[in-house]
Amino acid sequence: MSSDNVLKANLITGRTVEQGIAIEGFKDKPEYIDAAGVVQVDPSDLKAVNIWPGSTVLAKSDYGEVVVKAARSPYGPHPGIVFIPMGPWANQIVNPDTDTTGMPSFKGISVTITPAPGQKVLDAITLIKTTTKGGVEA
Amino acid sequence: MRTVTDIVCPFCGTLCDDIEADIDESGKILQTRNACVVGDNKFMTLQSPDRHLHPRIRKGGELVECTMDEAINKAAEILANAKHPVYYGWSSTSCEATEAGMALTEDTGGIIDNTATVCHGPSLLAIHTVGISTCTLGEIINRADCVVYWGCNPVNAHPRHMSRYSLYKRGFFTERGKSDRTEIVLDVRNTETAQKADVFLQPEQGRDYELMDALRVAFRGEPLPESVAGIPRKDIEKVAQLMKDSRFGIIFFGMGLTQTRGKHRNIDIAISVTTDLNKYTKFLIMPMRGHYNVTGANQVSLWECGFPYAVDFARGFPRYNPGESSTTDVLMHNEVDAALVIAADPGAHFPIDMVKRLASIPLIAVDPHATPTTEIATVHIPSAMVGAEDEGSAYRMDNVPIRMRKFVEPPEGILTDKEIIERIHERVKELKGTPSVIYERALEKPAVTVTAPSFDSLLQKAT
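Just so you know, the sequences run in chain order U and X. So for the first sequence, the numbering used here puts the first residue at 1; every next one is plus one. So for the second sequence, the numbering used here puts the first residue at 1; every next one is plus one.
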């Protein structure tokens, strides 16, 4: 169900080959943002809510929110499902509940995607530093 | 320039062991051959000029470079003073480093846990429940004529898996490679793996359990509803028949099952599907392990204390209760007061609430590169990379151990993971003033000798 400019979707996260490359030595570099700071949306959903591929969007769930770039999913059709590669951006909004198994719920999270013009996708290090206390001394 | 052959790639659980690298006179890696794009990148970025070559300690809110001795000492102080530290990671390092980690954990009464927690931990829980029928990848090469990928995308996550083992490779009974195999893919998206499959089913997200239950019904020829999990009955029956008609089948499964609603129950039933199929043909199942040595971390943990991950030594003996003793849960419940992270990056790969907790306790990060974890750490110790700068044992996803090769020297002053853990352990022992529980207590105790009674004494007793 989606209304004007608000896409209600089911989020899944996971590996992509670009993300796999970026995690080896590029986690503090822009390559990581391009690889994992994106949300892949089905082309029909992009059209329905007037979101342009490449534009910044706000992904929001019950557990948090994060600004990422919208991208046209190459693996459609999968209307209603959006995909963010595993990484610090996806983990801002996934469900930490492990159902007493140790495994958080990284797939199947209700999210909304709305346009966020003018907002910036933070790099991984800045994102983690700003959303946590940034580490402690001992 | 020299060329090194038979290098083992330290990226994914496929552990490709045919990599070649050209090295110049100064020890710089010029190029690699045979590796996938991710493996190649892992080798080529190892010697990047911006790699951290000095340990760092947090001072005044910033990470400040220090000597290795200072970093080891600070790390040991943190761990010796902690009541309940957690030791997490171990999946991208050698079994030998994990072994050293087990000893350190026991001496400090902590929790040792590997990345299986957020990967195939649910698969291990399911194996405890229903067992598993599995095999080595060599069996797949030579025999498998029906290959099922369920909730996994090897084209992206294990790029050479299909060509080396599971689909394209020609084997003894599969002489024509892919032409001799039927590829079935089940995924919620039409991924690259799915796009070239013989049969692709796209179930509704989070409803894999129901679909597998429907397959079990279809195997028995009993009636099914019109559709299950969005898949029409005729498609379910077709796939069930294809599986039953095969000579040797294999189900590879990934995070699509373990991270979805149902978690370990999804794997329970996937293994039960496999068991059912063995009434008709030969069918096996294998998890697609991610980190190259996450299987080895499980193995070391198993042979050291009997449990594969999430082992808590707080009471002085190993206790295992994933959901209570896993790193994710102890962070959520504020049950640890220090952490050592090695060969993993929970800062990037844990849900943010857990990362917030990690950032609020003293954290030691051992990693060659800068990562979200190292940047929120109290102490960052850069290490040598196993598989290039250090040798060691690793286990492939089918539990076959393979020796990782060392073919370049680490930068000056950089220690291996094993050395770092051992040096921290030595210092912890000095600070605590107690002998190592694992090694020294065993040495102190005299061995009990039992002498068998002589034949004469037995004869005397009898008469």
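Think of the hints as simulated: they come from the structure by calculation, not from any bench. Mixed in with the good hints there might be a few duds.
[Stated by the list, open to error] Straight-line C-alpha distance at most 16 Å; calculated EDC-like pairs for lysine to aspartate or glutamate:
(1) X:Lys238 x X:Glu183
(2) X:Lys244 x X:Glu183
(3) U:Lys29 x X:Asp50
(4) X:Lys356 x U:Glu65
(5) U:Lys133 x X:Glu183
* Hints violated by the structure (listed by number, smallest first) -> 5
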